[in-house]
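Colleague: Protein chains in written order, with the numbering used here: chain A, 7 to 268; chain B, 19 to 346.
If you are wondering where the hints come from, they were derived from the structure by calculation, not from laboratory data.
Treat the hints with care, as some may be off.
Listed next, the in silico DSS-like pairs over lysine-lysine satisfying Cα-Cα at most 30 Å (straight line) [as the list claims (entries may be wrong)]: (1) B:262 / A:58; (2) B:96 / B:46; (3) A:230 / B:147; (4) B:280 / A:256; (5) B:275 / B:298; (6) B:336 / A:264; (7) B:275 / B:262; (8) B:96 / A:230; (9) B:179 / A:171; (10) A:264 / B:311; (11) A:256 / B:311; (12) B:266 / B:278; (13) A:256 / B:275; (14) A:230 / B:100; (15) A:171 / B:126; (16) B:100 / A:161; (17) B:311 / A:230; (18) A:171 / B:262; (19) A:171 / B:80; (20) A:161 / B:29; (21) B:308 / B:235; (22) B:278 / A:264; (23) B:193 / B:96; (24) B:221 / A:264; (25) B:266 / A:264; (26) A:256 / B:221; (27) B:311 / B:275; (28) A:171 / B:96; (29) B:96 / A:161; (30) B:298 / A:171.
Beyond 12 Å from chain A on every Cβ pair, some chain B residues (computed) [stated by the list, open to error]: (31) 21; (32) 30; (33) 31; (34) 32; (35) 65; (36) 69; (37) 70; (38) 83; (39) 101; (40) 103.
Where a beta carbon is used, it is the ideal one built from N, C-alpha and C, also for glycine.
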Amino acid sequence: MEILVCVRRVPDTSENEIELNSSGDIERNELVYSINEPDNYAVEEALQIASKVGGNVTVATVGGEDDEEVLRREMAMGAHHGVLISDEAFRGSDGRGIATILKAFVQKANYDLVLTGVQAEDGGAQIGGMLAALLDYPFASLVNSIEVLDGHQLKISREIEGGNKELSEIDLPCVLSIQTGINEPRYVGMRGIRQVASVPIPTFSAAQLGIDGSNVGEAAANVKRVDYFVPSLGQGAEILHGSREENIDKVLELVAAKGGLK
Amino acid sequence: MARIFTYIMHKDGMAADSAFELAAAARKIGATASPTAILTGWGTGLHAACESLAAVYPEIWKIANEVLAYPNAELVRKALQKVVPSNSIVLLAHDHFGIDLAPGLSIKLNAAFLSDVLDIDGVENTDMKVVRQEFGGQVSAHVRGDISSGAVLTLRPGAFKATEIAAAHGLIVDKSAEVGSLAARRRYLETVMAEAGDVDITKYNVLVSIGRGIQEKDNVAMALELADALGAAVSCSRPVVDAKWMEKSRQVGSSGKTVKPKVYLACGISGAFQHLAGIKGNPFLIAINKNPKAPIFQVADVGIVDDILEFLPELTNKVRDLRSTPAK
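Could you put together the complete structure from these sequences and hints?
Modeller: Right under this line is the structure:
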């Protein structure tokens, strides 16, 4: 089975305190970047499928040179190929623009299965569904298990409310967006990354993919971010500024007062 | 003004709560908006659900089709493509079904897609301005969509408060014939209910709830010891389950359990909305997190900026001291 996994490099929210600068943008200089977490689960799932039924896993991202590091990380995990889809014309693309670019790439090759992470840190859980619609492939979101039935179908499960699972069969080729927790992504050490450090990563431009520049990029985007702001939802918590010991006493007092200590 | 539609889920003859939230959102787009609800399904439950909305929506479109008995996003999308006029605005809940349906629907309707919307600032000419969150809720963003060829919006559950709506005398319009036959390449098989776990976290007055800040599996013991001392249970947020540090049955959130404790100690939990959606009954929420920007501090009653790996053991010791000292 030939599997494509679309990945992204994003600021790691668990490692960062997001700050806004004076121009209303996110202060990006100090940010720690990593692979978008659900994308990493998608790559692991692709690797497990390929090891069971044979085939290759390709990881691709739309971005620039900086984004190569996440491709190499996923290649160190075992992905067979990494591809950078990069062109000035892609800058400022909205979700539909990114899906349009990925569609052109998918049509250059012959993939049986296309995976994305369910959502990016700054995204809208949209690329997988849009890509499927553009390709006219079937789609499922929030996928938390995949079983290959034969060369033409998968049995999948989706995560629905309350931790329940919705089971379906889906025809290949298809696009699936992968939920975190579907597997346990393998560990990638520095050694693994060094081993793939010099593997060439091919780059595809708009012209090579036959993409009309007027359909992608900022000019074609009908969804645009205007600015960032810090939300003020209600009054927020009363922050305790005491010493740790004082804070502990206060917490116990509050727990008792609210009926929690018996 | 573009025509506004809402897609409403239903069960056992009752429309989902989103019916009211989506109606409120439609009125934020245009104060005089006269939104039309669309319901799909099969059998008597569908008609009852349509009737239940007659007081809220002036018009309700009913699409009855045997293959729509279970809401399969691919089939619902094909049905909507046939009945929704071009340049319309379609509103859906940002839940597991909206996430499944909406992005592809926006492509097929050639409409702008605005996902997981928290608020609608308004529409000026062909621009709609909305509020979204990014980076796990640490920052919000204003986003502008060009809706000249229509728009599909998914709205965060709970973000739009159902407002008092002037009583409508909703007309139910049967659109089934316009849809015709439908075939899917994704076929629903069955729903597997979540397994019950060893501890029922919905039964406790106090929950010690842990998130990514617990950092590794061995540290879960710290929370278990504190809960033991307090007579509480340990619950958790999604990353802890994803990492296989705790069972799924311990997870609080929209894809886990809904809990109603008196006190909720959020330890190393960032406060993603999917997690908060599982906390009901307005408990006293105490948040401990070393990131002062964590969104949990926006919703907590009391917050402490500290490292839970140091704070929790000391708290446990203090509780044990109190317990071993006889009351005077």
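Colleague: A separate judgement is required for each hint: does it hold in the structure or not?
Modeller: Consistency of the hints with the structure:
no., hint, in the structure
1, B:262 / A:58, "holds, 23 Å"
2, B:96 / B:46, "holds, 28 Å"
3, A:230 / B:147, "holds, 10 Å"
4, B:280 / A:256, "holds, 17 Å"
5, B:275 / B:298, "holds, 10 Å"
6, B:336 / A:264, "holds, 18 Å"
7, B:275 / B:262, "holds, 17 Å"
8, B:96 / A:230, "holds, 28 Å"
9, B:179 / A:171, "holds, 29 Å"
10, A:264 / B:311, "holds, 26 Å"
11, A:256 / B:311, "holds, 22 Å"
12, B:266 / B:278, "holds, 18 Å"
13, A:256 / B:275, "holds, 29 Å"
14, A:230 / B:100, "holds, 29 Å"
15, A:171 / B:126, "holds, 27 Å"
16, B:100 / A:161, "holds, 29 Å"
17, B:311 / A:230, "holds, 25 Å"
18, A:171 / B:262, "holds, 18 Å"
19, A:171 / B:80, "holds, 27 Å"
20, A:161 / B:29, "holds, 25 Å"
21, B:308 / B:235, "holds, 19 Å"
22, B:278 / A:264, "holds, 13 Å"
23, B:193 / B:96, "holds, 13 Å"
24, B:221 / A:264, "holds, 16 Å"
25, B:266 / A:264, "holds, 28 Å"
26, A:256 / B:221, "holds, 25 Å"
27, B:311 / B:275, "holds, 26 Å"
28, A:171 / B:96, "holds, 24 Å"
29, B:96 / A:161, "holds, 22 Å"
30, B:298 / A:171, "holds, 23 Å"
31, 21, "holds, 19 Å"
32, 30, "holds, 15 Å"
33, 31, "holds, 19 Å"
34, 32, "holds, 15 Å"
35, 65, "holds, 24 Å"
36, 69, "holds, 24 Å"
37, 70, "holds, 20 Å"
38, 83, "holds, 18 Å"
39, 101, "holds, 18 Å"
40, 103, "holds, 19 Å"
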